[in-house]
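Asker: Next come the chains, spelled out residue by residue.
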Amino acid sequence: MTVPSVELICPAGTPAALQAAVDAGADAVYLGFRDETNARNFPGLNFSRPELAAGIAYAHARGAKVLVAINTFPRAGKPEIWHRAVDDAAKLGADAVILADIGLCDYARRTHPDLRLHLSVQASASSAEAIKFYHQAFGIRRAVLPRVLTVPEIAALCADVPIEMEVFVFGGLCVMAEGRCSLSSYATGHSPNIDGACSPASHVRYVEKGSKVVSQLGDFTINSFGQGEAAGYPTLCKGRFSANGKLSYLFEEPTSLNTLEILPDLIGAGVTAFKIEGRQRGRAYVGSVVSAFRQAVDAILKGEKLPVMTLEDVTEGGRQTAGAYQRSWR
Amino acid sequence: MLSDSTEQVSRPVDPPFSPVLLAGLLLAPVPPRLLQPLFDGILTVVRRRHPDILERLAAYPDAVIGIDPVDLPFVLVLEPWPESPHLEVRRDFSGLSPSAIIRGPLAMLFALAEGRIDGDSAFFSRQLVFEGDTEVVLALRNAIDGAGIDLQADFATTLGPLARPLMQAVDFGGRVFNRIADDMETIRVALLGPALRGAVAQSSRLEEVENELAEMRRTLRAREKRG
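Residue numbers (the numbering used here), protein chains in the order written: chain G, 14 to 343; chain W, 1010 to 1236.
Some hints could be false.
Stated by the list, open to error - As a list, the in silico SDA-like pairs of lysine to any residue whose alpha-carbon atoms are at most 25 angstroms apart:
| id | chain 1 | residue 1 | chain 2 | residue 2 |
| --- | --- | --- | --- | --- |
| 1 | G | 225 | W | 1225 |
| 2 | G | 225 | W | 1024 |
| 3 | G | 259 | W | 1225 |
Stated by the list, open to error - Stretches of chain W that chain G covers, calculated by requiring three or more beta carbons in the stretch to come under 8 angstroms of a beta carbon on chain G:
| id | region |
| --- | --- |
| 4 | 1046-1055 |
| 5 | 1065-1073 |
| 6 | 1094-1103 |
| 7 | 1181-1190 |
In short, the hints are calculated from the structure, not lab data.
As the structure is a computational prediction, the values presented were derived from the model and not from experiment.
For glycine and all other residues, C-beta sits at the position ideal for the given N, C-alpha and C.
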């Protein structure tokens, strides 16, 4: 029996995080340029061109790949910085670019025919028809699946499409249609899908009110955390609102995805690559999560029992879920 | 900008019962200006060894960031201005309007600076709090985390032949610190253990009552719908 191989794809928001990921056993690191061409365009984060060149050298010297996320949608009539990002990623020796916009897919395919193209989760391609289209039209070699599918649905997709499938295995969850969500745009006037930042920090405020911390996004109060209560990110989809006289998380509680226990099922479904979310997190997060998943994947591929590991300390709100992969709420 | 009244807000992070807290009590009578050379030295070393920090903060040329180690009787004010950065030690933030204030125990702030703990996790667990301009705080966190600071190694490079004996002294001091911290934790648990157990029991009971109440409400709503 052939042992399937699975790549561990790890986040890096800074050169130090890239080194932490590679040192902890990443097969590949994904990252972005320091501008709105990627969906983690946060202050002080991401890579300059010289930093990317150094990062690629560091990773390649240790057998790891570097994937460059250029996964926002170019402004109408102003695609230049997105084109330059693709050109520079190719010139600097990136192993693949991760794209969402069909215009950019077309540009990359025509301009750099040898550059490996991955389809970003931002493209929201969750059907065999959509994925086959991207493959046939632009030569996409791998698709990152939205976090809305069950394991059996992923298995059916893997059997039906001719390219590699990548799924998220840990980190923040996006409950909306990725690449199409407008909640943050509504609250701030800045689009995550074009400007690259959901709930941009420039519009976020944390205010101490007595023993509580109140989080605000633009003119909206998102949440209020009492003393000893774990806090979460200030996104509208994770806000606590009053409806029918009851205060609750209407869309999603502050929770992180953690699939450690179902990794064997995902491998069995035919998934080729496991992605860890968190380019906005620090190198301590990257090191600990990558190390845990490296151990888990190696154990599974050797046919050994999964080691017992806890990642609760680095989860949002101190809580974890297998999310849509299991749909335990149904 | 934060208002001048921010220093009036009670510190929302409780200082941990640690050797730093005791050291803070001893340092209370010391005028901040006597500590200033130490922080000038830290800034000089970090600036020389990690110029990329200021480069990542270049978009915030006027930022003034308050850093409040909640277990010490003084605060720091960081002006990460590209041409003339400044790290000032003060008694409090009175008379200032920092863009943002970050509060947490000293050991946690050092661990964050060295990337040994994740800033988001510290924030989720409320051991670290901040207020004011979130963008500046995030930029600072990312710039420092991304620089790969190792304070001990950074200082060792500046000490020349004195590095080895001084680093050995620092190692020894660290071991003593950890031992005292462990002993203090034992004392804390001994003193607070019974009270904490009582609080946990009360919390469990409260949760049971809340669940019962929720169940009664559901039953009531179901009856109302049927009726």
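Asker: For a quick check of understanding: which of the numbered hints are violated here, in increasing order?
Answerer: Hint check: 1, 4, 6 and 7 fail, others pass.
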